[in-house]
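The lines below spell out each chain.
There are 2 protein chains.
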Amino acid sequence: MRLATLDDGTRDGRLIVVSPDGKHCAPAPVKTLQEALENWTAVEAKLRAVTTFPDPLPPAKLLAPLPRAWQWLDGSVYLSHGRLMDKVLGHEPFKPDWPLMYQGQSDTFYAPLASVPVADEALGIDFEGEFGILTDAVPMGTSAAEAGKHIRLLVQINDWSLRRLAGPEMKSGFGWIQAKPPCGMAPFAVTPDELGAAWRNFRPALNLRVHWNGKQFGDASGEPMAYGFHELIAHAARTRTLVAGTVIGSGTVSNDNFREVGSSCIAERRGIELVDTGAAKTEFMKYGDTVRMEAHLPDGRAPFGVLEQKVVRP
Amino acid sequence: MRLATLDDGTRDGRLIVVSPDGKHCAPAPVKTLQEALENWTAVEAKLRAVTTFPDPLPPAKLLAPLPRAWQWLDGSVYLSHGRLMDKVLGHEPFKPDWPLMYQGQSDTFYAPLASVPVADEALGIDFEGEFGILTDAVPMGTSAAEAGKHIRLLVQINDWSLRRLAGPEMKSGFGWIQAKPPCGMAPFAVTPDELGAAWRNFRPALNLRVHWNGKQFGDASGEPMAYGFHELIAHAARTRTLVAGTVIGSGTVSNDNFREVGSSCIAERRGIELVDTGAAKTEFMKYGDTVRMEAHLPDGRAPFGVLEQKVVRP
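In order, the protein sequences belong to chains C and G.
Counting from 1, position 78 in the first sequence corresponds to residue 77 in numbering that gives the first Met the number 0; the numbering is continuous, with no gaps.
Counting from 1, position 240 in the second sequence corresponds to residue 239 in numbering that gives the first Met the number 0; the numbering is continuous, with no gaps.
So that you can see chain C by itself, here it is in the shape it has in the complex:
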């Protein structure tokens, strides 16, 4: 089952169920995705009972499936990326025995086709292609073994980043504020069964194809997460209850063979250049640049639909 949210002029939009071919839709029996997640066990069957799709799907009128969330926690669990970023940012390699995670701005997730206002072109504008999950309510202390059942929907995320600000904020130990403006989401939130065998060990084993200004930039697999999403939930819930509608991200998708498959963010490519040649050559994004992200299954299907966002002057 795939869900999306239509712009109806309200902040949370109007939940719709998307047809299997991704071209039609029907109003959902609850108004918002937040409401659905708060009552998932009761609502899921009603959503699945929607099997006729009278309306053409209007891609330009879709918001993020969850246009705002009460909590957004982003992991960083692709080790090939983490090792490289330590070098890029000039940090000592830091290898905790738990998944890296930061608390992000949750009050806005940009629409899949949004023009995204960025404060300043000089700040090192970058995208980060990620996978994510939406949970129902998770009690404090939930174990990884129990956490998997709280994964209700999967999403695809673009975590906008301002790299010139990221290093100094990290050095403070307080994490990121200015370096992490709101993220975007691809149009469809999907139940795990939509991925079939490509959802395994609570990891999305599908490739995230990234294009920057129309040119392919990366096509890395989401599978090699050092921690599965069930473990990210357990980490987050160790000392807090997670409210329904909590969004948890994987961090930028990255593979060991990034020289062959490419990267899901510019910073990683710059890191590779730095390691290989002593200098980063690829520039960051400029106003007017676009990034397109589409995750695809081995059979070619793109369960989350297409995210394509443009950087604009505020």
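Treat the hints with care, as some may be off.
[Stated by the list, open to error] Here are the simulated lysine-lysine pairs, BS3-like style, with alpha carbons at most 25 Å apart:
id: 1; chain 1: G; residue 1: K94; chain 2: C; residue 2: K86
id: 2; chain 1: C; residue 1: K170; chain 2: G; residue 2: K86
id: 3; chain 1: G; residue 1: K30; chain 2: C; residue 2: K170
id: 4; chain 1: G; residue 1: K86; chain 2: C; residue 2: K30
[Unchecked claim] Not everything, but these chain G residues come out facing chain C in the computed CB check (under 7 Å):
id: 5; residue: W69
id: 6; residue: A143
id: 7; residue: K214
For the record, the hints were derived by calculation from the structure and aren't laboratory data.
Where is the CB? At the ideal position from N, CA and C, for every residue including glycine.
Go by the hints and put chain G onto chain C.
This is chain G only, laid out in the frame that chain C set:
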């Protein structure tokens, strides 16, 4: 004007206006504080027009004035505290030319008289007495000079902290997740005029009296913030829009003469002990412990009311 939120069984509660003597209340003309902040210029006059208070105020039925927020950003701008914590946590002193700030969990603010479930007594359970503000919507790029007018209400906050987890999370550079479960709020959100001359340079010049298990622990002034709240807003809004209802905190209140006035968190006292005697002697909180926080004006009035929370086993 002082506002509070009554527990009516919903997550956002029912907004009430509090009488000048703090003993009575009246229903507000909008249902929630979030709704009021989203329409403040239209709603403020209606709230101020409430001048009869038919109902006795029931302290035990009050939620946090804003029981959940779309964004919670906590500063750390009392330098006497920051310098000490660098030593306690074994960090290199870090002196950025901007205010330290982290993104915190915003989906829950505990009620002023809540019993607060904490995951594990061994994690170094600590309180942090703070001041905070609630903003209306703040456009990206708002300057400090323009930011002050977005401060609509002032609040008093208890930022629960788990100190055994704080150092390792800081070292990751990603900021805090497990070390920072939800905060609590004192019962009343107040307009800045309630503080009279004690609201100056966008700083709350009143003392925060902290009791731990009935014994006075600190009575430090909120005034010596290295950055005023207008500057904290400008810092936060540099690369993002702040939605109405954003909460921004000062960080734990601390004064240079903390050996005389005491501290607003246990970590600071332990830091002083470490510096003075080579070892921290004061233990962290145990299950059953209480912390009471009440900020008072020179004339003795306590504009935010009393926060008194108990640590309990989950």
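Can you name, in rising order, the numbers of the hints this structure does not satisfy? 3, 4, 6, 7
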